[in-house]
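Chemist: These protein sequence lines are chains L, Z and U, in that order. If you read the first sequence in my numbering, its first letter stands for residue 1, the second for the next number, and so on. If you read the second sequence in my numbering, its first letter stands for residue 213, the second for the next number, and so on. If you read the third sequence in my numbering, its first letter stands for residue 466, the second for the next number, and so on.
Everything labelled a hint here was simulated from the structure, so no lab data went into it. A couple of the hints might just be wrong.
To be verified - Taking beta-carbon pairs under 10 Å as the criterion, some of the chain L residues facing chain Z (in silico):
id : residue
1  : Val13
2  : Glu22
3  : Val57
4  : Ala85
To be verified - Distance windows between CB atoms, simulated:
id : chain 1 : residue 1 : chain 2 : residue 2 : range
5  : Z       : Lys291    : L       : Gln117    : 32 to 38 Å
6  : U       : Ser471    : Z       : Met437    : 45 to 51 Å
7  : Z       : Leu375    : U       : Leu503    : 33 to 39 Å
8  : U       : Thr578    : L       : Arg196    : 42 to 48 Å
9  : U       : Leu595    : L       : Asp71     : 53 to 59 Å
These numbers come from a predicted model, not from an experiment. Quick reminder that beta carbons are idealized off the backbone N, C-alpha and C, glycines included.
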Amino acid sequence: MSIVVDFREAVVVFNGFPALAEASIEVQRGEIVLLQGPNGAGKTTLLRACAGLLPIVRGEASVLGVDLCIDRQSVRSRVGLLGHANGLFADLTIGENVSFWAQMVGAKVAEVASTLQRFGIDGRLAEQKVMQLSAGQKRRCALACLVVRRAELWLLDEPHAGLDATARDEIDAIIREACTAGATVLIASHELERARGLATRSVSVVAGRVVS
Amino acid sequence: MDAQTFNARVATPTTRLIGALAIVSMAWVVIGGLFVTPKDVDQGDAVRIMYVHVPTAWVAYLAFIVTALASACWLLSRKHSMGFDRVAGASAEVGVIFMAMTLLSGSLWGRITWGSYWAWDPRLTTTSFLLVTYIGYLAVRGLGGSLEQRARRSAVIALLAVLEIPLVHFSVLMWRSLHQEASVLSGDGDIKMDGSMLTTLLVGVIGFTCTFAWLVMHRQRVLAMQDAMQMTQLDAALRERASESAIEGSRLT
Amino acid sequence: MSTQLSLGRVARAVAAKDLRIEMRSRVVVNQVFPFAGLVMVMFAFALDNDDVLTRVAGGLVWLATLFSLIIIIQRSFAVDTADGALEAQRVAGLDPAGIFVGKALAVMVQLVTLEIMLFVAAVVLYRVQLHADGAVLLVTCVVSATAGLSFVGTLYGGLTAGSRGRETLLPLLMLPVVAPVLIGATRATESAFNSGGAAVSDGWPWVGVLVVFAAVFGLGGILSFGSLIEE
Chain L
1 MSIVVDFREA VVVFNGFPAL AEASIEVQRG EIVLLQGPNG AGKTTLLRAC
51 AGLLPIVRGE ASVLGVDLCI DRQSVRSRVG LLGHANGLFA DLTIGENVSF
101 WAQMVGAKVA EVASTLQRFG IDGRLAEQKV MQLSAGQKRR CALACLVVRR
151 AELWLLDEPH AGLDATARDE IDAIIREACT AGATVLIASH ELERARGLAT
201 RSVSVVAGRV VS
Chain Z
213 MDAQTFNARV ATPTTRLIGA LAIVSMAWVV IGGLFVTPKD VDQGDAVRIM
263 YVHVPTAWVA YLAFIVTALA SACWLLSRKH SMGFDRVAGA SAEVGVIFMA
313 MTLLSGSLWG RITWGSYWAW DPRLTTTSFL LVTYIGYLAV RGLGGSLEQR
363 ARRSAVIALL AVLEIPLVHF SVLMWRSLHQ EASVLSGDGD IKMDGSMLTT
413 LLVGVIGFTC TFAWLVMHRQ RVLAMQDAMQ MTQLDAALRE RASESAIEGS
463 RLT
Chain U
466 MSTQLSLGRV ARAVAAKDLR IEMRSRVVVN QVFPFAGLVM VMFAFALDND
516 DVLTRVAGGL VWLATLFSLI IIIQRSFAVD TADGALEAQR VAGLDPAGIF
566 VGKALAVMVQ LVTLEIMLFV AAVVLYRVQL HADGAVLLVT CVVSATAGLS
616 FVGTLYGGLT AGSRGRETLL PLLMLPVVAP VLIGATRATE SAFNSGGAAV
666 SDGWPWVGVL VVFAAVFGLG GILSFGSLIE E
């Protein structure tokens with residue numbers, strides 16, 4: 001299956017408001033697609049819809065060959081979403097958070113440790129409770145949890161936000177590696193310069209539609 | 213439901229028939245219950261509350277069963293036809309009214325016959341729990357979201373209620389059997405039923421059931437229209453966003 | 466591609482995670498336990514009659530438990546919704562039934578601990594006498610009632626914690642449902658305490674009700690939790 005994301009005039013509604021208003025997009029395997037556009041345009045909604053989180057009210061939408069109008073659940077284990085929130089447990093340490101997620105997706109502990117290191121989270125930092133970390137450190141932790149999932153489709157919502165230059169370079173390197181390994185990546189970002197350098201293609205999302 | 217093809221027919225021959233039947237039966241019950249049937253040997257005129265209390269109690273439980281069946285049908289049907297969900301919701305709304313009427317009439321009856329507005333008799337207690345459960349069910353229906361999500365969530369809650377209400381009733385029954393008063397409190401237990409009383413009661417049950425059915429059918433249609441309106445509004449919102457995107461799109465290029 | 470975990474493994478990991486969070490933050494121990502103890506004291510203020518208190522002690526313990534359950538459930542889900550972790554668990558494709566069982570287990574552990582404390586308070590404050598022959602009944606009653614309460618609480622907690630939920634809906638949905646547990650647990654507890662002449666043997670039918678309740682809602686929760694936390 002070489003078409004990973006296939007939306008045709010898909011509509012997603014929040015309280016009567018069409019956040020996705022007949023959006024159409026097609027993404028091939030191995031692509032890194034940048035979603036750009038103003039706030040409120042629907043980039044986040046599109047990413048969440050791809051993760052199978054939102055009901056598709058009209059139109060068609062399929063991800064990894066699965067029709068989201070019929071089944072939104074089965075695609076989730078193959079998809080990794082980094083949203084606005086980090087999905088971390090504030091009272092646990094970084095190490096405990098990442099190993100919980102690693103356990104949930106069947107990754108090995110050694111892999112977890114090496115992933116954390118790549119993100120600059122070494123032994124001392126890993127023992128800190130999440131609530132004591134800065135926003136950037138939490139973001140790196142969330143990214144590490146995403147990376148160990150080895151998802152086929154990565155959905156990244158502002159992955160560079162709050163990170164310093166080194167961390168940003170690291171994340172870019174990881175994204176490129178994942179693509180070489182066969183993953184597909186959708187990134188919503190306002191960091192246009194950096195993201196354009198990374199992406200194979202970019203599209204604009206405007207008022208709930210996708211404009212190439 | 214497509215806005216264009218929805219046919220806003222409010223009164224069909226069936227509804228008119230049911231409505232007519234309801235009016236006739238209710239008229240019979242009013243005349244029969246208030247004037248024609250005799251007083252009870254022990255309770256006197258107070259027994260006439262029975263003609264309201266028993267049918268409304270029956271309808272309250274019927275409404276509960278209808279909601280549960282409609283919810284099950286929605287969950288099990290392949291197409292998840294929204295009609296089932298609307299019937300479930302309409303039945304619950306109308307059912308709540310009848311439950312309140314049951315409790316009110318039962319309470320007044322108790323006040324007149326044995327001096328207190330409330331008694332912990334199993335039927336009254338279970339009915340009050342049913343009422344609160346349905347208020348909760350309606351609150352869950354009001355949580356919003358897509359029509360399908362509302363239907364799924366409500367269906368689950370309704371079926372959990374099917375499991376829970378018998379448990380509540382059984383526990384209350386066991387609980388009250390510990391206290392000797394249980395037999396005295398069931399008001400209609402020791403009423404000698406005259407032939408005309410029985411007939412009037414039966415007609416009352418038919419009348420209230422027809423009223424219930426009539427209300428549910430109309431309410432279901434109103435809900436259908438509301439849902440269709442949502443679709444129309446969605447179409448309008450989509451057109452608005454389309455023009456928005458055209459403007460912004462031309463600004464970007 | 467990630468592997469799909471079995472229900473048991475998900476449940477164990479989620480339960481361990483919830484309990485570890487509680488051990489770290491001690492929110493339930495530091496805030497809910499004192500609240501429950503306070504409720505027991507306030508019952509004494511309100512009822513103001515030693516004989517009455519001793520007689521109704523069983524009911525008061527379970528009432529205090531129910532009020533505390535609401536707070537414990539809200540805390541259990543606050544942990545997950547604060548930073549989008551519940552949604553992340555959904556996106557990870559975790560079996561919702563596993564999440565349900567795991568969270569219910571963690572709630573059960575906290576609830577049993579609370580109940581032990583409350584029974585001690587009942588002995589101290591309400592002068593309840595505990596007998597050896599009532600002990601087995603009491604323990605069975607506590608285990609089955611707690612299981613039922615945890616299942617119901619986790620189920621409705623999930624519904625009201627979701628993005629479309631309202632926390633204030635939780636007591637309205639939950640309390641009518643747990644009425645059989647309140648009735649059954651109180652009667653069984655009174656039998657165990659021999660309050661008002663209730664014999665120990667009278668309590669066992671009530672334990673039967675509690676077990677049925679726990680089984681119904683355990684199974685019901687496993688089947689329907691997923692639908693209730695969906696958007």
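Chemist: Determine whether the Cβ-Cβ distance between U:Leu595 and L:Asp71 falls within the hinted range of 53 to 59 Å.
Modeler: 54 Å, holds
Chemist: Can L:Val57 be said to touch chain Z, with a Cβ gap under 10 Å?
Modeler: 6 Å, holds
Chemist: Does the Cβ-Cβ separation between U:Thr578 and L:Arg196 fall within 42 to 48 Å?
Modeler: Cβ of U:Thr578 to Cβ of L:Arg196: about 56 Å, so the range 42 to 48 Å is violated.
Chemist: Within 32 to 38 Å: is that where the Cβ-Cβ distance between Z:Lys291 and L:Gln117 falls?
Modeler: At roughly 52 Å between Cβ atoms, L:Gln117 and Z:Lys291 fall outside 32 to 38 Å, so the hint is violated.
Chemist: Does L:Glu22 meet its interface restraint, that is, does its C-beta lie within less than 10 Å of any C-beta in chain Z?
Modeler: Since the shortest Cβ distance to chain Z is 6 Å, the answer is holds.
Chemist: Using 10 Å as the Cβ threshold, decide whether L:Val13 counts as touching chain Z.
Modeler: At 6 Å from the nearest chain Z Cβ, L:Val13 passes the 10 Å test, so the hint holds.
Chemist: For U:Ser471 and Z:Met437, compare the CB-CB distance with the range 45 to 51 Å and indicate the outcome.
Modeler: About 47 Å separates the Cβ atoms of U:Ser471 and Z:Met437, which means 45 to 51 Å holds.
Chemist: Could you see if the CB distance from Z:Leu375 to U:Leu503 stays within 33 to 39 Å?
Modeler: 34 Å, holds
Chemist: Given L:Ala85 as an interface hint, is its Cβ closer than 10 Å to any Cβ of chain Z?
Modeler: 20 Å, violated
In this structure, the earlier hints numbered 4, 5 and 8 are contradicted, and the remaining ones agree with it.
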